[in-house]
Every structure is written in C-alpha cells, then in structure tokens.
Amino acid sequence: MISQKKIIEVKNLVKKYDDLTAVNDISFDVYEGEIFGLLGPNGAGKTTTLEIIETLREQTSGEVLVEGLSVTTQKNEVKKIIGVQLQQSGFYPNLNLTELIKLFVGLYNIETDPMEVLELVGLKEKSKAIYQTLSGGQKQRFAVATTIINKPKIVFLDEPTTGLDPQARRNLWELIQNIRDTGSTVVLTTHYMDEAEKLCDRVGIVDAGRIIELDTPGNLIDNLLAKGFTREEKLKHASLEDVFIHLTGKDLRDE
Amino acid sequence: MNNRETKTVHTYSQFKATLSITKASLRSIVRNPSSVIFTLLFPLIFIIVFGFIGSGGSARFDVGFYSTSSNNNQLFHSLITVENFNIVLDLTDEELNSRLEKGEVDAIFNITKNPAGTLPEYVLEIKTNKAKPEKSSLIRLISGQVLSNFNISLVKEQPPVAVIKQTDIEGRLFNTIDFILPGQLGFSILSAGVFGTAFVFISLRENLVIKRFFATPINRNNIVLGEALSRLIFSITGSVIIIGIGHFLFGFTLVNGFWTFINMLAVSALGLVVFLGIGFLVSNIAKNINAVPPIANLVTLPQFLLAGTFFSIDVFPSWLQPVSRAMPLTYLNDALRKIAFDGATIFTLPKELLILTVWGVVIYFFAVKFFKWE
Chain A
269 MISQKKIIEV
279 KNLVKKYDDL
289 TAVNDISFDV
299 YEGEIFGLLG
309 PNGAGKTTTL
319 EIIETLREQT
329 SGEVLVEGLS
339 VTTQKNEVKK
349 IIGVQLQQSG
359 FYPNLNLTEL
369 IKLFVGLYNI
379 ETDPMEVLEL
389 VGLKEKSKAI
399 YQTLSGGQKQ
409 RFAVATTIIN
419 KPKIVFLDEP
429 TTGLDPQARR
439 NLWELIQNIR
449 DTGSTVVLTT
459 HYMDEAEKLC
469 DRVGIVDAGR
479 IIELDTPGNL
489 IDNLLAKGFT
499 REEKLKHASL
509 EDVFIHLTGK
519 DLRDE
Chain B
3 MNNRETKTVH
13 TYSQFKATLS
23 ITKASLRSIV
33 RNPSSVIFTL
43 LFPLIFIIVF
53 GFIGSGGSAR
63 FDVGFYSTSS
73 NNNQLFHSLI
83 TVENFNIVLD
93 LTDEELNSRL
103 EKGEVDAIFN
113 ITKNPAGTLP
123 EYVLEIKTNK
133 AKPEKSSLIR
143 LISGQVLSNF
153 NISLVKEQPP
163 VAVIKQTDIE
173 GRLFNTIDFI
183 LPGQLGFSIL
193 SAGVFGTAFV
203 FISLRENLVI
213 KRFFATPINR
223 NNIVLGEALS
233 RLIFSITGSV
243 IIIGIGHFLF
253 GFTLVNGFWT
263 FINMLAVSAL
273 GLVVFLGIGF
283 LVSNIAKNIN
293 AVPPIANLVT
303 LPQFLLAGTF
313 FSIDVFPSWL
323 QPVSRAMPLT
333 YLNDALRKIA
343 FDGATIFTLP
353 KELLILTVWG
363 VVIYFFAVKF
373 FKWE
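Residue numbers (our numbering), protein chains in the order written: chain A, 269 to 523; chain B, 3 to 376.
Next comes chain A alone, as it looks inside the complex (with noise of 0.2 Å):
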C-alpha cells in the first residue's frame, strides 16, 4: 500500500534557541501515503521538527524538502501542497464554521463548498455555530477540516487527540485513516502509543532532540521481544478503555 517515493526528505536538522538544542540532528524520510507518528514525550522536539517541515520556523543547519521543494527557500510552493494542524490554534473571533471555511477557502485561492468540507468532518450541523462555542472533540475535527481545505497532498497533525475523549479519539483517528485513503500522506505527532500502535505505518520515536528509533510499530515491538522484554504482568485481553467503550457505546457525544 504504501509506495517508496519519498515524500518528506529531513537531512541533518538542527534548531536551537539561545543555549537550548530543541532538534539535534534528526534526519528521516517520510514515504508518500503513509501515516507517519513522530512519538515522543513533551519537550523533545516533535512540535518543532514539524514546524520547520510546515515552514513555520526556520531551521538552524540540515534541510528539508517537501516534494522536492525546500522549505528554505520555496516556502509559499510548499505551503500550497501541505495542510496544517497546529497543536494550539484559534480562529477568527465572531465567525461560524461556514464562514471560516471560506476564509481558508480564500486564503488557498481554491473554490469549493464549505458544506462539503464540514460533512467529512461531520461538523455540517453545526455550519452556523462560532469556533468559540464548539466541544474540544468538534474543535479538533474543525481544525482537521481546515487541514484538508486545498485537497493537500501531505496533513500535518501536531497532538490532534490530546485532551479529547475516547470517543472523540476514535472518532478522529476514523478521520484521519479517511484523509490517508483519499489519497494524502499523513504526518502526525502524539504521546499517545495506542493511537500510534493503530494509525501509524511507521513510527520514529524522539527524545531529547534526536531520532532514536524509527521501524513499523510491529517491527519495533518484534524488536524489543527478541532482546527478552516480557511484560511484568501478563496483559488481559480487554482493557479498561475496552469497559469504558463497551459500556459508553462508541458514538460520538453529543458535545
């Protein structure tokens, strides 16, 4: 399913403010159409590394190319081929969803129906509600649908389920595999490894600034089983979530 023509080449990136190293020389490849995790714990240069890729920052040394283009120095052809979900974003003050749509729709010189968009997001119901007013679940899903406004071919989502309820978790994740099978490459980051385990092809994991691992999840667990790694305690075959999700129902709340 997943091809080998590189989409995202990162070569030897380095970002650091004052006397701190956010990203350490990290270098990998991301492969068109896949779902790629970035994992690691807060502070060690997800957020950063995607924003370099998004063009948002700028790089100390090492290169990016996106679809061939630099990030250096082709930014705006970049920002035309990529959609971005920033890990804390708002919106227009006083506009409803419909409207803010057709702001982005604008801003990507690119002509379609809001009302198409919010329905893959399932936010059509609420085409006439403000930014401000809606749950985190409808935020999140809205930011995604900003992420796919101009049919990008790669998305970017930084923590999209971070805060949210297992429901709206699913919920997202549903999405965000639509977004892959419509044809786009998806980059994300999460300090999730459920959410990575079920929606990641490959994963690299990130501490302190540098690429540690970066292997399919199952190779990497493969990996850690052959060193001798057992579980402290044998794992049941349901998990508390799987409770909470058989007794809550996985539909959506009415947020």
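In case anyone wonders, no lab produced these hints; they're calculated from the structure.
Check each hint, because a few of them may be wrong.
[Unchecked claim] Only pairs whose alpha carbons sit at most 27 Å apart, straight line, appear in this in silico DSSO-like list of lysine-lysine:
{"#": "1", "chain 1": "A", "residue 1": "348", "chain 2": "B", "residue 2": "25"}
{"#": "2", "chain 1": "B", "residue 1": "18", "chain 2": "A", "residue 2": "421"}
{"#": "3", "chain 1": "B", "residue 1": "129", "chain 2": "A", "residue 2": "396"}
{"#": "4", "chain 1": "A", "residue 1": "343", "chain 2": "B", "residue 2": "25"}
{"#": "5", "chain 1": "B", "residue 1": "129", "chain 2": "B", "residue 2": "104"}
{"#": "6", "chain 1": "B", "residue 1": "213", "chain 2": "A", "residue 2": "370"}
{"#": "7", "chain 1": "A", "residue 1": "343", "chain 2": "A", "residue 2": "273"}
{"#": "8", "chain 1": "A", "residue 1": "348", "chain 2": "B", "residue 2": "18"}
{"#": "9", "chain 1": "B", "residue 1": "18", "chain 2": "A", "residue 2": "419"}
{"#": "10", "chain 1": "B", "residue 1": "25", "chain 2": "A", "residue 2": "370"}
{"#": "11", "chain 1": "B", "residue 1": "129", "chain 2": "A", "residue 2": "284"}
{"#": "12", "chain 1": "B", "residue 1": "353", "chain 2": "A", "residue 2": "279"}
{"#": "13", "chain 1": "B", "residue 1": "371", "chain 2": "B", "residue 2": "213"}
{"#": "14", "chain 1": "B", "residue 1": "25", "chain 2": "A", "residue 2": "419"}
{"#": "15", "chain 1": "A", "residue 1": "396", "chain 2": "B", "residue 2": "18"}
[Unchecked claim] Simulated restraints, written as ranges between beta carbons of each label pair:
{"#": "16", "chain 1": "B", "residue 1": "293", "chain 2": "A", "residue 2": "285", "range": "22 to 32 Å"}
{"#": "17", "chain 1": "B", "residue 1": "318", "chain 2": "A", "residue 2": "311", "range": "57 to 67 Å"}
{"#": "18", "chain 1": "A", "residue 1": "341", "chain 2": "B", "residue 2": "370", "range": "41 to 51 Å"}
{"#": "19", "chain 1": "B", "residue 1": "290", "chain 2": "A", "residue 2": "299", "range": "34 to 44 Å"}
{"#": "20", "chain 1": "A", "residue 1": "460", "chain 2": "B", "residue 2": "359", "range": "56 to 66 Å"}
Since the model is a prediction, treat every value here as computed from it, not as a measurement.
We treat Cβ as the ideally placed atom computed from N, Cα and C, and that holds for glycine.
With the hints as your guide, set chain B onto chain A.
Same frame as chain A, but now just chain B:
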C-alpha cells in the same frame, strides 16, 4: 471523499487572499459590539447631547460696536438681530478694547459709510482677538452671511452696498453641530484606528490565528494589509453614517454639498491610516492583551480631551496649547473643520495634511521596527 470537487486556480493571487482576510475581518468587526459602540454609538450620542445643549443649538458670541460706528442703517439692524450675536451695549471704546483682549468680548464691529460716496456704500470692519482664530473665523462667516442677505435684499445685481474689510468668505449660519460633528468624527476615527486594531491584532496573535494564516500561502504583509483594509472600509462607512445623520437629522452644514462630503471622507481615510499605525504599534509594544488598555488610553485620552474634539483649542491656557498643537488628532480635527466650515478641500490644506503625513511616517517607522508576528 474522493469525489469532492476542488478546482485549483493555477496562479496564486495574493490580492484574492488579502480580500478574503478583509471580508472575514469586516464580518468580525461588525459583530463585535465594542467596535460598533466606539466608532458609531459614542460619537452619535455626543453629537446628540451637544447638539441639544448649548444655547438653542447655536454658537453665541459677544459683540460690541465702536462709538464711531455708523449705526443708523439697515446693516446695523441686520447684525444686531443675528441669533448668534449677543450685543454688548453701553461700553466705551476703551472698555470694549480691553474686554476684547481679555476674551470677554469676541468681536467689535465698526460700520463706516464709504466717504467716496460710491459703491460699496458701507464698509464693515471687524476687530477680533488673534488668540481665538476659530471664533474669529466664525464671526466673519456669520457676518458675511448677513452681508450677502443684505446685498440681495437691497440691491439686486448691483455692486454690494457693504463689504467686509478683511475677507469675503461665503457666509452661512453656524450651529453647534458644525463644530461638534467634525470633532466626533475625528474621535471615531481615532478610536477605531487605535482600539479596534490594538485589541484585535494582539488577540489574533495570542490565539495563534495569525500563526495558522502563516501555514497558508498568503504573504505576511498581506495579512496586515487585509486587516487594515477592513478597518478602512468599516471606519469610512461609520463616517458616512455620522455625517449623514448629522446632515439630515441635525442640520450639519456641508458647504459645498457632496464635494465637501467627499473631502471629509478623504481626510478621514488619511487620519485612519495614521491611527491604524498607532494601533499596530500599541499591539506590538504591549506584552499581552491586558497591557493594551493602559497604553491605548495613554495615547487616545489626551488627544480626546486636548485635540479640539469638544472645545476649541483656544480655550486652553497658552502653556497647554503647544501640547495640543503637537497631537495628530488636532490636525485631523482642524482639517475636517476647515473643510466643513470654510469649504476647504484636500488641495488647500497643505499644513494639516503634511503634519498628519509626517506623524504617519514616524508612527509606521516604529510600528514596522517593533512588529511582532508571534
């Protein structure tokens, strides 16, 4: 999802992207109660309040006649029946002069019969206090109005029987609204420019709205341009409404009709651009949104009080007048009044427009220097 139709325009137009920001921003401004209150409601309330208080809506001036004045004629009777004039009687010439100097009397008239016996038959001399240029110009305006009525009623299509010695300005009746409205227009533009921009821009920055824009292909400067454009449209629309209500409901005089109106809007636009710069500057030097009100008030309040918004700068003590004369709003108000009173145009106000422009250049220099995107 696959069958979603998206047509991509091949050449990216920054202009189109800018307009989409303008459109969104305009929607947001109109729905924000505080911008509507400051730009429209407050100025209109002041216009209504000041339009109704004060002597019957008209400006009053204390005027006297010299003992040498030839008063046994129709011109004298016309002058003393003017509603704006409060005639001071029973004073000697010396007393009149000293009161004029103290500002207790606003003007002294002297009517002389033309000794040559030719037309004009009468000459009206007006002595005013140089320290009160605006009052003086108003008194001349009103007197001119009297003279023109006088001419028409007495000698149609003949040389005038009387002339004002200094000037021959087109006269008209002057109401309080004619002074108040330009000042309120200036205030409206100042508050729209400073408050409307500083608050919104800092909150767009703090809430990462601008950062999200950066992830789209619009150029940074076009984001600011789009925002500026929406404020220009909003504020000029506000000016149209204020002038319109003033003109049709409260008798605000547009000397040369539509042309005066257009000139007022043009000067308003220049003023707004200057004050937008202050708004951007405030949003950039404020550390966070809580720091905006004190800084913005520090910039606007003194101008609100001292730049001739409510009263003429002449009423301030002489040590304070240079402070007033340094404020950009003073020149916007002056320009608006000269257009409204004297029928001046943007082509005949080099001093006011130049000083405003210089202010603009200085403000934008610092606004660009301190500009913060995040």
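Report the numbers of all earlier hints that the structure fails to satisfy, in ascending order.
Of the numbered hints given earlier, those the structure breaks are 3, 11, 12, 18, listed in rising order.
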